[in-house]
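Asks: Listed below are the residues making up each chain.
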Amino acid sequence: MQEYTFRKFSQEEIIKGIKSNNSEIIRQFYQSEFKKIEQFILTNNGDREDAKDIYQEAFVVVWKNVRSDKFKPDNRTAINGYIYQIAKNKWLDRLRSSKSKVNMVNLENYEDLPDEDFLSKEDDHDWVVKEFQNLGDSCKEVLKRYYYLKQSMEEIATYFNWTTATARNNKYRCIQALKEKWKSKTSKEL
Amino acid sequence: MKNPNHIPQEEFERIEQYIFGNISAEESDAFELEMESDNDLRKKYLEVKTIISGLEEAALREDLEIFHKEMEAPTQRITTNRSINYWPWAAAAAIFLCIVAAVWTIYPPTPSHERLFAQFYQEDPGLITAMSSASNYEFDRAMVDYKSGKYEEAIVRWEKLIQNNPENDTLQYFLGASNLALKKADPAIFYLNSFVSKEESAFYEDATWYLALAYLLGGKVDEAINMLNQSQNPQTAKLLKELEKL
Numbered sequence: 001m002q003e004y005t006f007r008k009f010s011q012e013e014i015i016k017g018i019k020s021n022n023s024e025i026i027r028q029f030y031q032s033e034f035k036k037i038e039q040f041i042l043t044n045n046g047d048r049e050d051a052k053d054i055y056q057e058a059f060v061v062v063w064k065n066v067r068s069d070k071f072k073p074d075n076r077t078a079i080n081g082y083i084y085q086i087a088k089n090k091w092l093d094r095l096r097s098s099k100s101k102v103n104m105v106n107l108e109n110y111e112d113l114p115d116e117d118f119l120s121k122e123d124d125h126d127w128v129v130k131e132f133q134n135l136g137d138s139c140k141e142v143l144k145r146y147y148y149l150k151q152s153m154e155e156i157a158t159y160f161n162w163t164t165a166t167a168r169n170n171k172y173r174c175i176q177a178l179k180e181k182w183k184s185k186t187s188k189e190l
Numbered sequence: 001m002k003n004p005n006h007i008p009q010e011e012f013e014r015i016e017q018y019i020f021g022n023i024s025a026e027e028s029d030a031f032e033l034e035m036e037s038d039n040d041l042r043k044k045y046l047e048v049k050t051i052i053s054g055l056e057e058a059a060l061r062e063d064l065e066i067f068h069k070e071m072e073a074p075t076q077r078i079t080t081n082r083s084i085n086y087w088p089w090a091a092a093a094a095i096f097l098c099i100v101a102a103v104w105t106i107y108p109p110t111p112s113h114e115r116l117f118a119q120f121y122q123e124d125p126g127l128i129t130a131m132s133s134a135s136n137y138e139f140d141r142a143m144v145d146y147k148s149g150k151y152e153e154a155i156v157r158w159e160k161l162i163q164n165n166p167e168n169d170t171l172q173y174f175l176g177a178s179n180l181a182l183k184k185a186d187p188a189i190f191y192l193n194s195f196v197s198k199e200e201s202a203f204y205e206d207a208t209w210y211l212a213l214a215y216l217l218g219g220k221v222d223e224a225i226n227m228l229n230q231s232q233n234p235q236t237a238k239l240l241k242e243l244e245k246l
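Chains as they are written, first to last, in the UniProt record's numbering: chain A, 1 to 190; chain B, 1 to 246.
Think of the hints as simulated: they come from the structure by calculation, not from any bench.
It is possible that part of the hints are untrue.
The calculated lysine to aspartate or glutamate pairs, modelled on EDC-like cross-linking and capped at a C-alpha distance of 20 Å, are [to be verified]:
| id | chain 1 | residue 1 | chain 2 | residue 2 |
| --- | --- | --- | --- | --- |
| 1 | B | Lys238 | B | Glu223 |
| 2 | A | Lys35 | B | Asp63 |
| 3 | B | Lys147 | A | Asp137 |
| 4 | A | Lys181 | B | Glu57 |
| 5 | A | Lys64 | B | Glu223 |
Some but not every residue of chain A turned toward chain B, in silico, with C-beta under 8 Å [stated by the list, open to error]:
| id | residue |
| --- | --- |
| 6 | Tyr30 |
| 7 | Phe34 |
| 8 | Lys52 |
| 9 | Gln56 |
| 10 | Lys121 |
| 11 | Asp124 |
| 12 | Val128 |
| 13 | Val129 |
| 14 | Leu149 |
| 15 | Trp182 |
Since the model is a prediction, treat every value here as computed from it, not as a measurement.
C-beta: ideal position from N, C-alpha, C; glycine also.
I would like the entire structure built from these sequences, with the hints used as guidance.
Replies: See below:
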């Protein structure tokens, strides 16, 4: 089998890649930082599943903070230290907490959360994240290509063998499908 | 947000273009001014923003799962080997042998070239990271299918890509490998045959071995032997010996 070709990206490239959702750069950054964090969690009473869980949560935080410019690097490898620190803090928080799982963002218990206004925006966001998984494969693919990979309607149409107008309508229909689930969620809560 | 607002398609797209920053400064200013006086529009804007940010994170998380599985793939193979409990396997093998014996008496045995194929064939485990350009999303999607054993789906995706890159050896190799995994000898030979003159390719060694196996599967024993003479695979000598017995 051919050797795996890992190219180390510079911090600048990583930040640019995260901002533009460049799959290749995100993959390499994700895969290059995991081992250190896994090692830390495994030597601190965690298992591999904990490591994956904590690492992915930390990764999403870094992704968000880079995109919102909350993270500003002060040296050339700051982002590596940053993700390690977030993961470490998240794991220590979980260890410190006696009811460890309850304190984590628990999407399964979403519906039990109080329907307070100040929680609303964050909750709706989390709800969309979770509900995306329940959409059909084509909808997931269309939405991912448009919103995450920033592909144009023309590119999406070519991929699915659709016309551009069909791609545009299907994208809207998929959003509507998601909102239908939203309606049934809110009617359950009321 | 209690209940999602009904947002007609045109309006949804207008809000979306504002969020993406795809409209002119004047249009953007006008939109903001409108939001100040129209509370409904402001609510709709917040809703679209929430949907977009949620979808983006969901798509990222889906990718992270894939990236994680890729990292685990080689380790899993090792741990599986280590933790095998041989008794159920032995029992299963015994039952299997009884079934084989029973089937043998009812049906004539499989042709020996197919038997040899089954004995020597092991599918290519796939790539973790293949090419280094950023446009590899399509390729990677297919690779995920390939690694999950969904060879038909992988073939559909890769065949679309190879139309624009007919000489890409990674695509040729994995299209050959997918067809071989489905035991389709002819298309596997079609794709793998292009490696005969590509000694410089990183896939050359594996491709010649699999091409030999594809010939074997298709009953073309002479061609298989020919290919094996070019192959560096450690199993080559053993398979050649078996083929002499045919």
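Asks: Taking the hints in turn, state whether each one holds.
Replies: Hints and how they fare:
no. : hint                 : verdict
1   : B:Lys238 to B:Glu223 : 17 Å, holds
2   : A:Lys35 to B:Asp63   : 18 Å, holds
3   : B:Lys147 to A:Asp137 : 18 Å, holds
4   : A:Lys181 to B:Glu57  : 18 Å, holds
5   : A:Lys64 to B:Glu223  : 56 Å, violated
6   : Tyr30                : 5 Å, holds
7   : Phe34                : 6 Å, holds
8   : Lys52                : 6 Å, holds
9   : Gln56                : 5 Å, holds
10  : Lys121               : 6 Å, holds
11  : Asp124               : 5 Å, holds
12  : Val128               : 3 Å, holds
13  : Val129               : 5 Å, holds
14  : Leu149               : 6 Å, holds
15  : Trp182               : 5 Å, holds
The structure fails hint 5 only (numbered hints given earlier).
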